[in-house]
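Peer 1: The chain contents come next:
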Amino acid sequence: MKTIKCVSAGFGGQGVLTVGQLIAILAMDKDLAVSWMPSYGPEMRGGTANCHVVIDAKEVSSPLIAEGITHLLAMNQPALDKFLPRCAEDVVIVTNASLVKNVPSDFKGSLIPIDFNQIAQDLNELKVANMAAFGALLRTMPMFSREDGIEAIIKKLGKKNESLTELNIKAFEMGYAKEA
Amino acid sequence: MKTIKCVSAGFGGQGVLTVGQLIAILAMDKDLAVSWMPSYGPEMRGGTANCHVVIDAKEVSSPLIAEGITHLLAMNQPALDKFLPRCAEDVVIVTNASLVKNVPSDFKGSLIPIDFNQIAQDLNELKVANMAAFGALLRTMPMFSREDGIEAIIKKLGKKNESLTELNIKAFEMGYAKEA
Amino acid sequence: MRGEVLFNTDRCKGCSLCVHACPVHILALDTTRVNAVGYNPAYCFDMSKCIACTNCATMCPDTVITVKRLDI
Amino acid sequence: MRGEVLFNTDRCKGCSLCVHACPVHILALDTTRVNAVGYNPAYCFDMSKCIACTNCATMCPDTVITVKRLDI
Amino acid sequence: MTVVFKKTKGLTDAPFSYCPGCTHGIIHRLVAECLEELDLLDHSVAIASVGCSVMSYEYFNCDAIQAAHGRAPAVATGVKRVHPEKIVFTYQGDGDLASIGTAEIVQAAHRGENITVIFVNNAIYGMTGGQMAPTTLPNQVTTTSPRGRDVSKTGEPIKMSELMATIPGATYIERVMTADPLSVRKAKRAIKKAFQYQKENKGFSMIEVLSSCNIGWGLSPNDALQYIKNEMASYFPLGVYKDKGV
Amino acid sequence: MTVVFKKTKGLTDAPFSYCPGCTHGIIHRLVAECLEELDLLDHSVAIASVGCSVMSYEYFNCDAIQAAHGRAPAVATGVKRVHPEKIVFTYQGDGDLASIGTAEIVQAAHRGENITVIFVNNAIYGMTGGQMAPTTLPNQVTTTSPRGRDVSKTGEPIKMSELMATIPGATYIERVMTADPLSVRKAKRAIKKAFQYQKENKGFSMIEVLSSCNIGWGLSPNDALQYIKNEMASYFPLGVYKDKGV
Amino acid sequence: MSKVLMKGNEAIAQAAIAAGCNAFFGYPITPQNELIEYMSKYMPDKGAFVQAESELAAINMVYGAAAAGARAMTSSSSPGLALKQEGISYCAGAELPAVIVSVSRGGPGLGGILPAQGDYNQATRGGGNGDYKVIVLAPNGVQEATEMVRKAFYLADTYRNPVIVLADGVIGQMMEPVEINTEALPLIAKPWASDGNLSRGHRNVVNSLFLNPVELEKHNQDLRAKYDLIEEKEVDYELSHDENAEVMFVAYGTPSRIVKAAIENLKAEGINACLFRPKTLYPFPYEALKKAAQGKKFVLCAELSMGQMIQDVRLSLEGSVPAHFYGRAGGMVFEPKELVNAVKDHLGGR
Amino acid sequence: MSKVLMKGNEAIAQAAIAAGCNAFFGYPITPQNELIEYMSKYMPDKGAFVQAESELAAINMVYGAAAAGARAMTSSSSPGLALKQEGISYCAGAELPAVIVSVSRGGPGLGGILPAQGDYNQATRGGGNGDYKVIVLAPNGVQEATEMVRKAFYLADTYRNPVIVLADGVIGQMMEPVEINTEALPLIAKPWASDGNLSRGHRNVVNSLFLNPVELEKHNQDLRAKYDLIEEKEVDYELSHDENAEVMFVAYGTPSRIVKAAIENLKAEGINACLFRPKTLYPFPYEALKKAAQGKKFVLCAELSMGQMIQDVRLSLEGSVPAHFYGRAGGMVFEPKELVNAVKDHLGGR
Ligand SMILES: Cc1ncc(C[n+]2csc(CCOP(=O)(O)OP(=O)(O)O)c2C)c(N)n1
Ligand SMILES: Cc1ncc(C[n+]2csc(CCOP(=O)(O)OP(=O)(O)O)c2C)c(N)n1
Ligand code: SF4
Ligand code: SF4
Ligand code: SF4
Ligand code: SF4
Ligand code: SF4
Ligand code: SF4
Ligand SMILES: [Mg+2]
Ligand SMILES: [Mg+2]
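Chains as they are written, first to last, in numbering that gives the first Met the number 0: chain A, 0 to 179; chain B, 0 to 179; chain C, 0 to 71; chain D, 0 to 71; chain E, 0 to 245; chain F, 0 to 245; chain G, 0 to 349; chain H, 0 to 349.
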């Protein structure tokens, strides 16, 4: 398989680390090799957060993605600005449309701008925007199905709060279904 | 010249370190190479004390005398017992006769037993026993004269207490003069 | 109007400590916009009531606020 | 004699704290001899006056002293 | 119009790296204002410690030295002893001063070092993600006391001002807080007095400032201020614990 | 004849390495007698510190661990936490406890470790040749205060019992001395109570014992006892500084 | 048991508890905080968890707990390890089993908090005083980290010696699927432990002081004999890819995985390379490395440092094969591409 | 000035003051106590003397004083040095001139108090965190110790780097005739010092934190460039006796003098030996040693340890000449006779 090098990035509270973890869980459950590496430390304070998820058939070489990002979720503009230069030519970028306004005109990869905040607002729960993003991102990875995604959400988040899980899944499905 | 490897040893308060220092000063003043190395640390507490003085023409190799002691001042029995096995065959040993009673019968070097405590008692100043010992020891080192010895005493101890210096010199001379 | 408060808006982190500190309740966060550092900044919605007490500036952790008093 | 003191002489370091502690002044250092560790050891020169108060043993830093009391 | 409040020259223009609403920022400003008002900026050395305030060497508008975790009082001693005429102060958190740096703060006071210590007690290790501090309140939840601080296993919180006041070499010890405008103004008076004492060679002073860590406490910035006032200040009573300078 | 005083089984037969007249020996005996009398020898662990008493692991007739300089309370914590039912005590000098080990002693008390600390304050570093300690009296001559302790440069001596008593986690703090038979007997009572408290899980206790270092002080053994009584005890008042156990 | 996705720090903690760790003493420091946090939550009630006042106190608590017979552990990161050096030397001197996890970051001084390997010397050459050795295990990922921490307890108990698990910030912070060995690690009798139990019939003393130099020399010789045994029996390494390659990489820890990617890339360019990965940094696989390097054009040592393990590599090779170095530092991590270029450069513009 | 008989510890202290040391921070430990005692008595009034609460505090006071522009120094012995490692790493990271005298004794742990050389790795390989280097000078007697402490201040100021003078207990405790250089060591401007003086026109900050990894890597590279310069310019060693001898000893410090006696004894038996004595342990004279060893039957490295410098010797030789080791430890010191026998053994029963 072609190595997936996915970065999920945004503001501190946007839940981008969780999105990455969900993808990592999916990969693990498919017996793929996977690593999830977060940004950490005080520079995250009120600032940006991101994580690197690398998926490979047998073994993940570097858990850090220095370049050649294949999938990028950019939940805000700084996230896009920071990681765009490190993307592969054929990268798929999912953006949080209301907060990512400037995409360079010469960008050659695939761009999927969706207003996740809007989806969340529609569901009356701002927290679930990241689940919508997870849905949209997952759809760009054909090895995983919609059902895989729902299972992962239940596995990772299900126990804590059942009613929220339902909302999460709803948001996920809306993100997954959304055409850019 | 033949290297002088002199050990001066006794109880903590007997002033054996000073005797060693005086010899070291003498050597230094004759532009010889010399080192003075004391025993140190808590094992000295109320216990034994000793120092190693090595004199050579140009350079002192080891400041520690592991073996081949050429001159030994033993101010008490434990001192003799400890260092006798480390003496050269032709060693000269000066002992504090009243406190060193047992000298092995097969001892082949020169032995100079003198009752330094008696000398000190005769001078009404127990502290100066070591100066008498210094005198006796110095006499076994022909490269140094009686006058050298007196000069060294004045140089090292003179400043502190003049009247004691006089007594010190008297004790030194008595030790120097004494036939074993 | 006895006082005037000025906000160095781009340093504001939207913590709202000034909002709570103002005795005459004329400060709020502007939820309609996001400043350069990503926060809804504080602003004064009724300067006429300001008494120049400096409470807001005293509590602001990010030295956003300057307070002027009307000279009488 | 109401008491008796015994000295484990070869542990004595001749510090004389016992000497000073004895209320009836019957202890002293024996300057005529040196023990195994090189000190003038303490001894009792008049056991008949001992009141078995244990002061000497209480002050001895080297557990040299045993005190017995006459059973009446 | 007269300007009655503006940003002090005692601070550089670098924006603080603190979380929104963190009162480290207020305390920085107070220190800076005091230095400016006492005209000390040109001949002061700030000793930054390791904690959220590690970057304070970028904020105080004077010379600065970044010290190892807990060792700021030792570093300050080194500076002050070679430049006794300069103003030297440390800025330390509760992990830094009341845990790893216990020996250094106690012994600097013991020696009577003529320095000023700003001790920011926020009852938590902010920088490293909210672990328990020696000043964490009973039952307070932190990342290393996940079921709340259990005093039967970790003891009751240490009271540093009370402890430091017993040290003969210490001159001035006061505990203040940053819970509202009034207490902030009081805090400033204490800090100013401490610097004034140093100027007058009166010896060691420490101002303990009860401060918030809304992130670590899991509270809104304003609720965190209430927590200072209601919870912290009742376990750590405010006041002057020692003043040999009067 | 009844034996009214004999060497306790709490001590091994190894002769002490202390200087003639050093009251470390008396304090050892008191500790050992208490352990014997409370029947604790078979389930105690002594933590020896670095100082003249470093070899105390050879003297106490129980299990023992030799700790790094100043760290005995941390080592004791390690032992006690894995064997809460055993009796664990440290034996520390003033250099060890009141200088390099300040953080460890304060924090062990802060955590309320259920251990007993015997703190031998002889106002000097005996082991290393008589250097100044934090408890060295004003104007006292030592090898690092050759012109007498200058409090203007080194501060006034620290008072550990007073300091430790401010720590909420500490249960029992008393200062005693070894100047004469009466005070030695009082010292023993304090030490015994401390072990008793530990047995009863009452928490942290520290007994500060004013002790002599006749060699370091340049006095005869008996004059050194007078120095304890007249000089030390007047700067370091005897008494109970804290007792939460009653 | 199936795999779970876990953070390295937490997985290490869980594996330690599974291996019977019953005493943990730590102090917060990035990037190992999750380890102490996990311990604070999951250390069983019968075990001991203490957040120490400092790294120094933590290692001395370990010393006490280990002396009293526990399976004791501490963890920290670079400056914290520096503070533990005296205590580690004491553990080694008193021959105490102790496990120390080091999740290293950039230095020197306060440095930074991102992953780095500038602490190779700190771990392998001590910094504490005297002639002592600490076994050092270097995992390359989360799974191996859990296995190595288990092995660390085994080695510590077996040899009565401190063992460092040297991870870097990547291993501490990343999540990987992991399966933790939950089988009980057999207890090894500790009749020497000073645990306050005279019913055994004699006193136990734990100590590193020998005032008599004859005894201290003997002690040093005994320790040396133990280290000789460790060097004989415990060397561990991985030699992967084509052993007959023309170039051999040497790397440990996370970077060794990046090397693997570089090797694939080189293969695509027709250059045959292999990897020698020391899994024990002490004892270092001197002989195996020398043997593996025979016939290679050169060896390229790749570290996230300015060059530390390279000295051990050179000590292995004894000049038999040229050794080159490629390093990044301060939290910067090399990409496969950089290693490919480095190899090509040394091959002479091929 | 004529020579005076002085104890090494005191002579070092006097030489330091003569070299302009104006800030000393120390903590008692045998066998270096006379050094701090001398400082307490003779540090001039304008200078700073503080008996710190610990070695840790002492090195951090040095950090502060050095950051503020002083010629600052501390001294200690083995376990005390272990406690200073974090502080030394900070000094190196912040590029501060600092002089550290290490009067070493037997280890590990509390060990003993007699002279030993088990701290070679401690001094040359750090133990603090990160990629840093400390210049290490190794005197062989009292006179050279005074010269090297002077040189240490010069090097520290010149390179803005910590310098260790690694002496052993013999040098600290013995008296030898000595002549101390009293000429003022020229001051080197320290425009970077954080001494509370904004009249210079800008703020000075002393710091070792670089949260941005790009900056931290740059810092590491700059440090490396400095170390390269030091390795190029500051290597120092002594090659004595017949350079065409069949055997070469390598030894540093006090034992190198015993080697000289052994060489004389060997000569008497018709065996020609010479001595290579590194005077700088970092930078180590790798090339000079390799060159000097050419044509020798073997090199015998003699240390008062179980073998530490021998690794640097092997790194020098790169297998070109066999390297053997002879060591004593724990306060035991070899006699010339032992070295003679060791040489004869290796020569094959001649
Ligand atoms: C020797 C060492 N140990 C640990 C750390 C990690 N560390 C950084 S800040 C900190 C605690 C900060 O807490 P506090 O002093 O209370 O400051 P706050 O962040 O709460 O303001 C710790 C443990 C370090 N940098 N160095
Ligand atoms: C880390 C370390 N620093 C210093 C020393 C040297 N040292 C040994 S004992 C001692 C001080 C002892 O003084 P104190 O604790 O008062 O005990 P005393 O000898 O007076 O009973 C020192 C500094 C050491 N062994 N280890
Ligand atoms: S100065 Fe006072 S009244 Fe005016 S806005 Fe600020 S707090 Fe409100
Ligand atoms: S207190 Fe300051 S930072 Fe907070 S909202 Fe008000 S102006 Fe903004
Ligand atoms: S028991 Fe009392 S009376 Fe008897 S010798 Fe001892 S101190 Fe004197
Ligand atoms: S107190 Fe003990 S050691 Fe001292 S003299 Fe008396 S018996 Fe001897
Ligand atoms: S973590 Fe806490 S102390 Fe640190 S900046 Fe944020 S709120 Fe302030
Ligand atoms: S040096 Fe002092 S404390 Fe140490 S044994 Fe001697 S008298 Fe006692
Ligand atoms: Mg804090
Ligand atoms: Mg003492």
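The set of hints was computed from the structure by calculation and includes no laboratory data. Please read these numbers as outputs of a predicted model, since none were measured by experiment. Treat the hints with care, as some may be off.
No farther apart than 27 Å at their CA atoms in a straight line, the calculated lysine-lysine pairs in the DSS-like style are these [said to hold, decoys possible]: (1) F:K152 with E:K198; (2) H:K40 with E:K201; (3) B:K177 with B:K81; (4) B:K154 with B:K169; (5) E:K85 with H:K336; (6) G:K336 with A:K57; (7) H:K266 with B:K57; (8) B:K29 with H:K40; (9) B:K126 with B:K57; (10) F:K198 with G:K189; (11) B:K57 with H:K336; (12) D:K67 with F:K85; (13) A:K81 with G:K336; (14) B:K29 with B:K177; (15) E:K6 with C:K48; (16) G:K266 with A:K57; (17) C:K67 with E:K201; (18) E:K198 with C:K67; (19) A:K155 with G:K40; (20) H:K189 with H:K45; (21) B:K107 with H:K2.
Peer 1: Now, for every hint given, state plainly whether the structure supports it.
Peer 2: Results of checking the hints against the structure:
Under the criterion of a C-alpha separation no larger than 27 Å, the hint pairing K152 (chain F) with K198 (chain E) is consistent with the structure, at around 17 Å. Under the criterion of a C-alpha separation no larger than 27 Å, the hint pairing K40 (chain H) with K201 (chain E) is consistent with the structure, at around 26 Å. With a C-alpha separation of about 26 Å, the suggested pair K177 (chain B) and K81 (chain B) falls inside the 27 Å cut-off, and the hint holds. For the proposed pair K154 (chain B) and K169 (chain B), the alpha carbon gap of about 16 Å is at most 27 Å, so the pair holds.
The suggested pairing of K85 (chain E) with K336 (chain H) is violated, with an alpha-carbon distance near 60 Å, which exceeds 27 Å. As the CA atoms of K336 (chain G) and K57 (chain A) are separated by approximately 20 Å, the hinted pair is consistent with the 27 Å bound. For the proposed pair K266 (chain H) and K57 (chain B), the alpha carbon gap of about 18 Å is at most 27 Å, so the pair holds. Straight-line distance between C-alpha atoms of K29 (chain B) and K40 (chain H) comes to about 31 Å, which puts the hinted pair past the 27 Å bound.
The suggested pairing of K126 (chain B) with K57 (chain B) is violated, with an alpha-carbon distance near 35 Å, which exceeds 27 Å. Distance restraint check for K198 (chain F) and K189 (chain G): the Cα-Cα separation of roughly 26 Å lies within the 27 Å cut-off, and the hinted pair is therefore satisfied. Pair hint K57 (chain B) plus K336 (chain H) holds up; C-alpha atoms about 21 Å apart against a cutoff of 27 Å. For the hint linking K67 (chain D) to K85 (chain F), the alpha-carbon distance of about 34 Å lies beyond 27 Å, and the restraint is violated.
Pair hint K81 (chain A) plus K336 (chain G) holds up; C-alpha atoms about 21 Å apart against a cutoff of 27 Å. Taking the CA atoms of K29 (chain B) and K177 (chain B), the gap is about 25 Å. The hint holds against a cut of 27 Å. Among the hinted pairs, K6 (chain E) with K48 (chain C) is consistent with the structure: their alpha-carbon atoms are about 23 Å apart, no more than 27 Å. A hinted pair counts as satisfied when its Cα atoms are at most 27 Å apart, and K266 (chain G) with K57 (chain A) qualifies at roughly 18 Å.
Distance check on the hinted pair: K67 (chain C) and K201 (chain E) sit about 37 Å apart at the alpha-carbon level, beyond 27 Å; violated. Proximity of K198 (chain E) to K67 (chain C) is assessed by CA-CA distance (about 32 Å); at most 27 Å being required, the pair is judged violated. For the hint linking K155 (chain A) to K40 (chain G), the alpha-carbon distance of about 20 Å falls within 27 Å, and the restraint holds. A hinted pair counts as satisfied when its Cα atoms are at most 27 Å apart, and K189 (chain H) with K45 (chain H) qualifies at roughly 19 Å.
Proposed proximity of K107 (chain B) and K2 (chain H) is contradicted: the alpha carbons are some 38 Å apart, above 27 Å.
Checked against the numbered hints above, the structure violates hints 5, 8, 9, 12, 17, 18, 21; every other hint is satisfied.
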